[in-house]
Amino acid sequence: MVKTIQVRELISKNIKSTKNKYVDKLMPYIFFVAASISIITTIGIVYTLIFDGLKFFREVPLREIFSTRLAPLASNPSFGILPIINGTIITSIIAMCVAIPIGLSTAIYLSEYASDKVRKKIKPLVEVLAGIPTIVYGFFAYSFVTPLLMTIIPDLGAKNALSPGIVMGIMITPLVASLSEDAMNSVPNEMREGALALGSTKLEVTFKVVIPAAISGIIASFVLGISRAVGETMIVVIGSGSSKNFTFDITQSMQTMTAYIVEFTSGDAGSGTLGYYSLYAVGLLLFVFTLLMNLLAQYISRKYREEY
Amino acid sequence: MININKNNNERNIVFDVKELNLWYGNDKALKDLNFGIKQNDVTAIIGPSGCGKSTFIKTLNRLIELIPSVRIEGEVLYNGTNIFDTSRSVEELRSGVGMVFQKPNPFPKSIFENVVYGPKIHGLRDKRKLLELAEISLKRAALWDEVKDRMNDNAYELSGGQQQRLCLARALSMEPDVLLMDEPTSALDPIATAKIEELIMELKKEYTIVIVTHSMQQAARISDETAFFLLGELIETGNTNEIFTNPRDKRTEDYITGRFG
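Just so you know, the sequences run in chain order V and P.
If you're matching positions, the first sequence starts at 1 in my numbering and goes up one per residue.
If you're matching positions, the second sequence starts at 1 in my numbering and goes up one per residue.
Note that these hints are calculated values from the structure, not bench results.
Note that this is a predicted model, so its numbers are computed, not measured.
It cannot be assumed that every hint is accurate.
[As the list claims (entries may be wrong)] The list that follows gives simulated cross-link-like pairs (lysine-lysine, PhoX-like), each with its CA atoms no further than 20 angstroms apart: (1) V:K202 <-> P:K109; (2) P:K120 <-> P:K109; (3) P:K205 <-> P:K195; (4) P:K109 <-> P:K127; (5) P:K127 <-> V:K208; (6) P:K103 <-> P:K195; (7) P:K18 <-> P:K31; (8) P:K31 <-> V:K202; (9) P:K38 <-> P:K18; (10) P:K205 <-> P:K139; (11) V:K208 <-> P:K109; (12) P:K204 <-> P:K139; (13) P:K120 <-> V:K208; (14) P:K129 <-> P:K139; (15) P:K204 <-> P:K38; (16) P:K129 <-> P:K148; (17) P:K38 <-> P:K148; (18) V:K303 <-> P:K109.
Can you build the whole structure from these sequences, using the hints too?
Structure, rendered in structure tokens:
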């Protein structure tokens, strides 16, 4: 006779003590509360932004808001928002001019050209870049990239839009590269074989088949990169300074929306003043902008998703 | 008895395989193959799974080299020149040797863009000519009537059988000399399979066709020549009728009578 462990007997003996009904009922509630926290926080943020932001919009006429004169602490204060929107857009454009070509090229190399062995080593290395604290990037922009650029552009200001823009691009590159690579990697190999069998070169396969098939994921990575650039703070605070001039000259200091908030929460604006409420207005604008960008990214990935 | 091998000696050998050996790393997958594929024949490659059928057919257009561990020795003469010759580009070879795969693999583009993909990347830009070419190719693949009103629809809206005929049309638009088919009906239902088989019978008038198939009935129905592979070796090759009625090798007989495989 084969000896067996009396499993059935063991189960019936232990079924009550191993299955704790109390814990089973309680845990879903704990999970639910955890899941609610981020939603509640979002609602709280939106509420404060709208509530205090509205105080600003009620006091300041729209014509002043959409002017180019930003001087919140002057004896004759003016709250034109265009200089900091301009600063945000210009630094973001510079960042994307760096991040899109380098990020996409990295993705193409990793997905189409690198061997499995190389990919497994390089991809984590690229993603390390994304883990560096942004204050380190800001310091890098101010103390390394700006002096370096000064050797090429002698007129470059110590605080300027160009250098933090470039460094922001470097920071966003891994995000674009990693998400684009995921999208390209999920294109089935049969499609590459089909294109190669028609006499395509590898480059043609990449640009005519793989990238069009992965375009939704690639564009979504660009949009997420842009919203990252718009929301980035430390790099532009350190690198681009706080000039509120409305200018398109990237060699000069420009303040972004995020940098404006940093400057005024560091103590200059007393609670209850108009300058104080302007922070909420800018915060609200930033929130709406990044929200729209994220929705756009989601819409694009769904709309242009290739069915295969 | 009727001689089915009409004019056999006068016809050209399109692919002449000489002492072909192929390894995946240390595993030998093709062993000393010597084998000629004649023009305008349908040559069926049969054999059990893992015998090297797909490896062999993918060697003919060098697609097998996508696998990094592959090492090849020997020669494959295509119209007289060795396909592994470094002086000849692999793109040139593949533009003359079309391929249809196991699973339909259209590109996620419109039906029209799928059909004209090949000619377009090789520089044909004239929109009128491309439209004409798309029509001719789709007619040859017996798909024109089903798609002529929806040329701009995404290819993935077609059924599996239609997708496979689209892939055939895509290969035909290159006006190739040879069509390689790697189990082209294995993912299709019987009706779609019958359609593809009918097409092969029609297409062999103009093309040389090499088809890998799992189905012995399919090989018997559509091929002129049959080659039986086993564990990377070419066991027997010859006229399909002869192989199926009077195999020379015991192993061939065992396989076609269903004793293994």
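field: Holds or violated: K205 (chain P) to K139 (chain P), with C-alpha atoms at most 20 angstroms apart
entry: 15 angstroms, holds
message: Against the 20 angstroms threshold, does the CA-CA distance of K127 (chain P) and K208 (chain V) hold or violate the hint?
response: Holds, at roughly 18 angstroms.
20 angstroms limit on alpha-carbon distance, applied to hinted pair K205 (chain P) and K195 (chain P): Holds: K205 (chain P) and K195 (chain P) sit about 17 angstroms apart, inside 20 angstroms.
message: Does K38 (chain P) sit within 20 angstroms of K204 (chain P), going by the straight-line distance between their CA atoms?
response: The given pair, whose Cα atoms are some 11 angstroms apart, holds under the 20 angstroms limit.
message: Need the status of pair K38 (chain P), K18 (chain P): alpha-carbon distance at most 20 angstroms?
response: 15 angstroms, holds
field: Straight-line alpha-carbon gap K109 (chain P) to K127 (chain P), limit 20 angstroms
entry: Within the cut-off at roughly 17 angstroms; holds.
field: Proposed proximity, K31 (chain P) with K18 (chain P) (alpha carbon, max 20 angstroms)
entry: 11 angstroms, holds
- request: Sort out whether K202 (chain V) lies within 20 angstroms of K31 (chain P), counting only the CA atoms.
  value: Distance of about 30 angstroms is beyond 20 angstroms: violated.
- request: Sort out whether K208 (chain V) lies within 20 angstroms of K120 (chain P), counting only the CA atoms.
  value: The given pair, whose Cα atoms are some 11 angstroms apart, holds under the 20 angstroms limit.
task: Decide if the proposed pair is consistent with the structure: K202 (chain V) and K109 (chain P), CA atoms, cutoff 20 angstroms inclusive.
output: 19 angstroms, holds
message: Hint check: K103 (chain P) vs K195 (chain P), CA-CA at most 20 angstroms. Holds or violated?
response: 16 angstroms, holds
- prompt: Taking only the CA atoms, is the gap from K204 (chain P) to K139 (chain P) under or equal to 20 angstroms?
  reply: 15 angstroms, holds
The structure does not agree with the numbered hints 8 and 17 stated previously, though it agrees with the rest.
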